Amino acid sequence: MRKKQLIAFMAVALKGGLRNRVLAAIVVVGLLLLLSTPVVAVFSMRQVLALATSYSLSIIGLMGLLLTLFLAMGLLATDLEQRQVDTVCSLPISRSTYLLGKFLGLAIIIFLAIAILGLFSAGALFVLERIYPAERAFSWGVFFTGLWFQYWVFLIVGAITLLFSTVATSTFLPLALSVGIYFGGYSTEAVRYFLQTGGGQERLGPVVRAFGQAVYWILPNFSAFDLKAQIVYSVAMNAKGLLLTQLYGLAYLGVLLLLATMAFSRREFL
Amino acid sequence: MFIFVVLLVGASVSLTRVRDVQPPEARLGFFPPAPVIKVLAADQYQFLSQLISLQCVFYFGSLVESREQRPNWRNLYQALFTATRLDPYNMDSYYFAQAVLAWEAKMIPQVIELLKYGFEHRPWDFSLPYFISFDYAFFLKDYKRAGEYLAKAAELNPEVEWYATLAARYFYEGGTTALALAYLKEMIPTARNEAIRKRMVTRVAAFEKILHLEKAVLAYTDHFHTEPKKLEDLVEAGLLAKIPEDPYGGSFFLDNEGRVRTTSRLAHGVASRGTKKN
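Just so you know, the protein sequences line up as chains A and B, in that order. Note that this note's numbering gives residue 242 to position 241 of the first sequence, counting from 1, and the numbers run on in steps of one. Note that this note's numbering gives residue 785 to position 106 of the second sequence, counting from 1, and the numbers run on in steps of one.
With the rest of the complex left out, here is chain A (with noise of 0.2 Å):
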């Protein structure tokens, strides 16, 4: 019985992202970026591939992160402002399977979006790369792996959002927190780093030290997930660090959607 509740939410979800057109939208930008790769690409010296590649990959991750702020912030949203949540939570459903419906939904939107743009981008990059080999092979497990992870980062970003929007009041507050915990989770590996040089410890007090070690640990680190370095210039992966990144991102993402059905089961319709 759960497990069809949590279909149908999921449904919901993503008949609610299809209606908004989302996916066709997507379509439009992986023809344009199918389209201006090449364009963009042949005014390198020396790297038309990897500058393809960087710029497929950047026009993937930006449109990634736009799509998943815009959705998950409409998840709980519209349903609040249209006072639907108030009879969903009058039936007997739990809220922990109507929220985490609406997230797989969300998941799934997302995936289809990178998958529409992932698979334009390769098809650009397939072709320039007849033209322009690169001095080391270009590796497609490489480039549909990072495509994964930077998916990962997306799931989670989406889950963060959706925490905020249990407990927030206004769409705009989960927004900014959103897009300042994702800008903060590339930055607080290096800015660890920093601590741990000599540098950072002589200009930087105890506290203030302690307090970069504690936001490291809390906010994701999304450094770990980027893996164009190994998409653009075939460095090599470490399948160690992979697999425990995949570990760390399903466990972290089961941490916010812990927290965001605890959240959400406390909170008050009125």
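You may find that some hints are simply not true.
Covered by chain B, according to a simulated footprint, are these stretches of chain A (three or more residues, beta-carbon under 8 Å) [said to hold, decoys possible]: (1) 40-46; (2) 51-57; (3) 183-192; (4) 226-233.
Beyond 10 Å from chain A on every Cβ pair, some chain B residues (computed) [stated by the list, open to error]: (5) Lys717; (6) Asp771; (7) Trp841; (8) Phe903; (9) Glu906; (10) Leu913.
These aren't lab readings, by the way, just hints derived from the structure by calculation. Owing to the predicted nature of the structure, the values given are computational and were not obtained by experimental measurement. Even for Gly, the Cβ is constructed at its ideal location relative to N, Cα and C.
For chain A, the structure is supplied; the task is to place chain B on it using the hints.
Just chain B now, kept in the frame of chain A:
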């Protein structure tokens, strides 16, 4: 509506004219330090690095064509420095630095430092040590370092076998004939092309004779407290049985600086135009 359209067109044209005569510093723009950009750019830093490189290319290209303003070399170097710190794998930055900053701005030490940084991160890329080697040899006349880096390029790209022979040449020019000899002897077993291998063998033979002559010159200087004026002095002093034959068909001699040279210039078919001491 019409007024706004006219205003827009007029303002666009005037603005374009004003911006076309911006000073060089403003045309390239200012880039914050790489750590700052990295924090603000999340995962877009790599593409930003490439954008900065492209901006340098467009900036240089537009100024060189118009010839109205000289590029601001300092700013250009800073931009490339930032680009490489954002993405140390970005080859366009290194290539542009080598192609433009080395030749046009003569910022050789800075370019070499940039290239060395790039080589630390792109250890598979033979072109970086090749560029470094060229800069040391051509601009700084530091043949010893040139030889060291060209040897690295030869190791990474053994298909270009003249790298090895040129590296040995650099070692010789840098006054380290023994090093050139050791290096070539190591490269010969791995040479795949028979013609190249034969050239290396010939060069080894020539360097062995040069080393022998250099040792004799040192012994003469030690004994007589003066440098020999010509190689025949070494024979007369009993330090050499005879002046060895150059495998390239030339003749060995001492140049104005007392270095052992050959009229063949260590190449087959080269005209004998060496500057003999006497």
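Against the structure, the hints come out as follows:
For the stretch 40-46 of chain A, the proposed coverage by chain B is satisfied: 3 residues have a C-beta within less than 8 Å of a C-beta in that chain, meeting the threshold of three. With 4 residues having a beta carbon nearer than 8 Å to a beta carbon of chain B, the stretch 51-57 of chain A meets the requirement of three or more and the stated coverage holds. Coverage of the stretch 183-192 of chain A by chain B holds. Counting CB-CB distances below 8 Å, 6 residues qualify, and the rule asks for three or more. Three residues within the 8 Å Cβ limit are the bar, and the stretch 226-233 of chain A against chain B gives 4, so the coverage statement holds.
Separation of B:Lys717 from chain A is inadequate, the least Cβ-Cβ distance of about 7 Å not exceeding the 10 Å criterion. Under the 10 Å C-beta cut-off, the non-interface status given to B:Asp771 relative to chain A is violated; the minimum distance is some 5 Å. With a minimum CB-CB distance of about 19 Å to chain A, B:Trp841 clears the 10 Å threshold, and the non-interface call stands. Distance to chain A confirms B:Phe903 as a non-interface residue, since its nearest Cβ pair spans about 55 Å, more than 10 Å.
With 10 Å as the threshold on Cβ separation, the claim that B:Glu906 sits away from chain A holds: the shortest Cβ distance comes to roughly 48 Å. Interface exclusion of B:Leu913 from chain A stands, the closest Cβ pair being 50 Å apart, more than 10 Å.
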